[in-house]
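Let the hints inform the model, and build the full structure from the sequences given.
One line per chain: the protein sequences are W, P, V and X, in this order. Read left to right, the first sequence gives residues 446 to 794 (our numbering). Read left to right, the second sequence gives residues 446 to 794 (our numbering). Read left to right, the third sequence gives residues 446 to 794 (our numbering). Read left to right, the fourth sequence gives residues 446 to 794 (our numbering).
Please note that a few of the clues may not be correct.
Where chains are identical, the list cannot tell them apart; a pair therefore holds if satisfied intra-copy or between any two copies.
What the hints assert, rightly or not - Below, computed lysine-lysine pairings styled on DSS-like, alpha-carbon distance capped at 30 Å:
#1 K498 x K683
#2 K623 x K498
#3 K662 x K683
#4 K594 x K683
#5 K623 x K449
#6 K594 x K449
#7 K683 x K623
#8 K774 x K594
#9 K594 x K662
#10 K498 x K449
Because the hints were derived from the structure by calculation, they are not lab data.
There are 4 protein chains.
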Amino acid sequence: MATKQDFLRETIEHYDLVSGDVVALVDAMARMAYSARDLHRAAQIYDRMLRDKDCAVILCLAGSLISAGLKKVFADLIRYRMVDAIVSTGANIVDQDFFEALGYRHYIGPDYLKAGMNDAALRELHIDRIYDTLIDEDELRVCDETTHKIADRLDPRPHSSREFIAEMGRYLAETGCKSRDSIVMEAHREEVPIFCPAFSDCSAGFGLVAHHAARGKEPKLSLDSAKDFYELTRLKIKNRETGIFMIGGGVPKNFTQDIVVAAEILGDDAPMHKYAIQITVADVRDGALSSSTLKEASSWGKVDTVYEQMVFCEATIAVPLIAGYAYQKRGWEGRPARRWNALLDRDQA
Amino acid sequence: MATKQDFLRETIEHYDLVSGDVVALVDAMARMAYSARDLHRAAQIYDRMLRDKDCAVILCLAGSLISAGLKKVFADLIRYRMVDAIVSTGANIVDQDFFEALGYRHYIGPDYLKAGMNDAALRELHIDRIYDTLIDEDELRVCDETTHKIADRLDPRPHSSREFIAEMGRYLAETGCKSRDSIVMEAHREEVPIFCPAFSDCSAGFGLVAHHAARGKEPKLSLDSAKDFYELTRLKIKNRETGIFMIGGGVPKNFTQDIVVAAEILGDDAPMHKYAIQITVADVRDGALSSSTLKEASSWGKVDTVYEQMVFCEATIAVPLIAGYAYQKRGWEGRPARRWNALLDRDQA
Amino acid sequence: MATKQDFLRETIEHYDLVSGDVVALVDAMARMAYSARDLHRAAQIYDRMLRDKDCAVILCLAGSLISAGLKKVFADLIRYRMVDAIVSTGANIVDQDFFEALGYRHYIGPDYLKAGMNDAALRELHIDRIYDTLIDEDELRVCDETTHKIADRLDPRPHSSREFIAEMGRYLAETGCKSRDSIVMEAHREEVPIFCPAFSDCSAGFGLVAHHAARGKEPKLSLDSAKDFYELTRLKIKNRETGIFMIGGGVPKNFTQDIVVAAEILGDDAPMHKYAIQITVADVRDGALSSSTLKEASSWGKVDTVYEQMVFCEATIAVPLIAGYAYQKRGWEGRPARRWNALLDRDQA
Amino acid sequence: MATKQDFLRETIEHYDLVSGDVVALVDAMARMAYSARDLHRAAQIYDRMLRDKDCAVILCLAGSLISAGLKKVFADLIRYRMVDAIVSTGANIVDQDFFEALGYRHYIGPDYLKAGMNDAALRELHIDRIYDTLIDEDELRVCDETTHKIADRLDPRPHSSREFIAEMGRYLAETGCKSRDSIVMEAHREEVPIFCPAFSDCSAGFGLVAHHAARGKEPKLSLDSAKDFYELTRLKIKNRETGIFMIGGGVPKNFTQDIVVAAEILGDDAPMHKYAIQITVADVRDGALSSSTLKEASSWGKVDTVYEQMVFCEATIAVPLIAGYAYQKRGWEGRPARRWNALLDRDQA
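Here it is in structure tokens:
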């Protein structure tokens, strides 16, 4: 009978955009058609955002991207000042990035598992599956417990997810980050804020529920998503030119687009996001936010239409090309470090 | 030149599952292939959930469903005790259902708008577009302001989104609900809890940001998503047999599936969701949560695999058939009213 | 060990649009959004084609539709004069419809087979799989052999696929059609031409290859796809107002759209197809013909844009609704029988 | 007012797999997830086919690939003996490759045209649109006329599409090929057979219809698709080990898979295709051939399951990576030239 070790053998390795060279490939796509041409244009828009020194770049992450081998790409975007704030689903940041920072890994699942016929057997072995990738569920429980510990360390008051994630960064700095390329760790170093507006919807949720139950009627930490929204909106007001690089849709897309309207509600006539690109395979015909075009967002006054581009390509292929192109074009050299965590923490104090 | 009134002329009308008759159609699909056969099986599983008197039914809503004409369907599911709790994106509940309860409407957009070529013009006219559907943005601002008022009415402490939405229901009861078929109003009457775990990610977010800014250093209401998670998990522990009817994926899907694990973390060995159906057109090959199969969820110990069915069909077509079938089969007759809002409020006190 | 009989137990049953009642359902979709609204409009356009007495209706079939339970729908469209010509992939007409007319059936496969993990076992048992549907391969071989026989009956000269299929109809009339609702048989009775422009790409191809090999250097029948094109173009010239009801894309879509241009090349200034609807889940972003919009076809001068509608819905759900609606609205009553087979055969002679 | 020249300004340029370097990128994908991992595996399988000296490689082309900038890729696959036979839709070979060989070009359309709002204007200007790419319709008419001329040059007997396309190659050789990288021209030089089993379904169809009409009762050329099937099957029998590299699905996929069965019908127990890869974004849930998995094909006895891989990625991105990888790995060096055209022509004589 197969054991856990039989399945958890070959680790996912993260793509390294620094060592590759994709500029010639992506430039050749400019004069092709369909997704190639769109991908080239998106890569160019990202490069343009980085060269526009007034423009702050917000990276939006939805979908299981870190488990898929894109962790180092995003860590490098932080390192090279190619991103100023991140809005993500909780899973990418907590269950996947922080999880690897605690020393755990994701594993390559054999192709036949995709079909779902062996999920009961995986269940028995405490292996969780993300399409073609495997996780040791017992290790994931340790991650849940660690978020419980972090919740216990914080003041029993409403926090933004950003504050919580900053504390996760401090925790890693103190206890030793076991991954060379952790987004949470790198964001800690560079003081880049990370927001997970649906923060209970991930491993951290389990830690928070446990914290909540353990505290009973005692004062306890709470996660205030309105505070997230307030903080990100303040950054928009502070730095009025913005560009967004969205991978997938979901809450990160909606939340980030919405800050333009929120700024207006706070009395600030902030401009629409000047640049916007989105990588997604979602089909526009279901009318949902994730698939909705950036043109549609302009009817809401959220995204300007001069520099916007959707790319129809699964992220593991598109991200290395778009982020790699922008890295290698080096338009990011000399970009200022915005270090927004420090700014927001001062506000808080 | 076109005016706002030129565009906002013909209203969306909500589908009425009570008056239709789809049983013969759906039953005929049982012995066809592809989506028809899957749809039939999903409809049967929903009927089976309702007949299983121990089973509590959780409805998950993602995608712009209310603006698309499905409001009365969900209001009726509450009325006829075909659902015991709802987990939704904020947009469905606040921007769309509550918005209509305030007396506003959604409008049918001409087909050519889908292409996105007129979004700048719509922007000028303060018209927001959802694919083929239009909204008066000025009316939406009133909705934002109303959520600000409601935030001001509540105690300056952490709330679950459920508590906030229950207050929205009370507000409608007091001020007069201007829609015959409001989900928020009906949930208020039947004490059905509604959770929006990413609550700041909608019109309510704008109200909450305004509240947050207006209160300054004064005590203020916060939205605690961990409390949402705690509350829904408590319901799972209270009523261990559960079935989920998911429309779209996103946070509602993940959040609801996760309560099985959260119950375990709280020391309760609650069983997996016994029944699960999902309507989605998302493609499994992007590895994202929204598209992930219910079989995959079983590797995580969240969903049992005996009665699960995905249906590949856009919701405006699939929901009338599946919900209509279950309504007309009348397996819901005699189901108990669980009135979980009252239960959770007592806990709170 | 499982036997063939274990798998081939429960037959596919064909949807009956005569007995259902979908008008109220489809009419309610008119004021919803997304696919529901599009589906309603497509149903209305089909009804309108039928009421336009000058308009000839061409039905295009791609995808495995007959094996999926839609055979009786198309047979009834012929019976009730709701279609004047059919352009199809070969599989629908030969491997599936003619196959059932020979007395064989399609079978419902258990859900787990979809995953493809048992295909080697099916191979051993001589069972062929179409997604969730099963076929006895030995019966399919009889179908191949029957097309060989039919090839042998015909003059050793170039034939259009229409001529060959008409002979298949005569063969059924002579030998006894074993299915109540055969498209080939019904088309024979009503003299409705059926074209399969890629005719060798199906069970008939196997029969033709066998005929070809057996004849050696002797005179043999050949299948002239240019003749198909010529014949269908002649019908367009003969009956200048046309509407097309397309299910799926592929060769039938392209071929039928092209006859407008072909008519022009033959010196006839035939108008574009006046009405066009297409049911497909193909994604427009791959730039392929199957997914290309009917608006794009208008740039080629093939389809007029006043009455055109794409519907994003898998065919087993959309066809019962659209065809059922048009049947029940009875706009087809009093339509003339065009009996084009007789016309084309006279030309030939 | 815009003129034709305003739109037809910037030409599509074809991707050059010789000059790029994608091996490091594609190799890095091996240990990622989702489409990246699948793409790597497909690239490896193609490389493996080329190193298997007994294996003949059949390339299948569906979708508008040549107009999209992939012409030089396929011409180079012929040049470097990375392909032994091609099965394609007619549009790629005649309307696009042969069209460019006559000296015409495809043009980059501005992004806003995709929406389809300007197709009536394009119609007026005799511009045809393929998603984001434009064609001068008057030039396309010259292409149609040239196929008419070629039909007139050939004996008035049934031809396979391969014979017709070989004649197109001879025509280019005689009259001067105006494109450096023509598939038809390169196939002529290397005697690589090209089959278009649905040959009337393209520009050639227009030429053939014109030929058919002009000849009247006189002897005329016909296009025998059964002969196509017979010829390709003979190649399978001649060279029993085969691998298929499929881009898109449609008739080329079905036709090529079917030759295994056809060989059996001709009394030869040819093995299944040993290697098979397919690039497609089609969704498996519609049950159609184009989207059907290669595992499903194995239930039909057509494709072996050891080395098969589907890749979910639009072709303009996937083809440069997969074909580029195989080119740069140089497994094709020393492959024999099979020169199958000569072989088949000898049979014919």
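Quick rundown of the hints versus the structure:
When the C-alpha separation of K498 and K683 is checked against a cutoff of 30 Å, the pair qualifies only within one copy, where the shortest distance is 14 Å, while the shortest distance between copies is 55 Å. Taking the closest pair of Cα atoms, K623 and K498 never come within 30 Å of each other, the shortest separation being 34 Å inside a single copy and 47 Å across copies. When the C-alpha separation of K662 and K683 is checked against a cutoff of 30 Å, the pair qualifies only between copies, where the shortest distance is 20 Å, while the shortest distance within a copy is 39 Å. Taking CA atoms no more than 30 Å apart as the test, K594 paired with K683 passes between copies only; the shortest distance there is 27 Å, against 33 Å inside one copy.
Taking the closest pair of Cα atoms, K623 and K449 come within 30 Å of each other only inside a single copy of the chain (22 Å); across copies the shortest separation is 55 Å, beyond that limit. Taking CA atoms no more than 30 Å apart as the test, K594 paired with K449 passes inside one copy only; the shortest distance there is 27 Å, against 54 Å between copies. Taking the shortest alpha-carbon separations for K683 and K623, neither the intra-copy value of 35 Å nor the inter-copy value of 40 Å comes in at or below 30 Å. In the homo-oligomer, the alpha carbons of K774 and K594 never lie at most 30 Å apart, since the shortest distance is 42 Å inside one protomer and 50 Å across protomers.
In this assembly of identical chains, K594 and K662 lie within 30 Å of each other by CA distance both inside one copy and across copies; the values are 18 Å within and 28 Å between. Within a single copy, K498 and K449 get their C-alpha atoms no closer than 50 Å, and across copies no closer than 38 Å, so neither meets the 30 Å cut-off.
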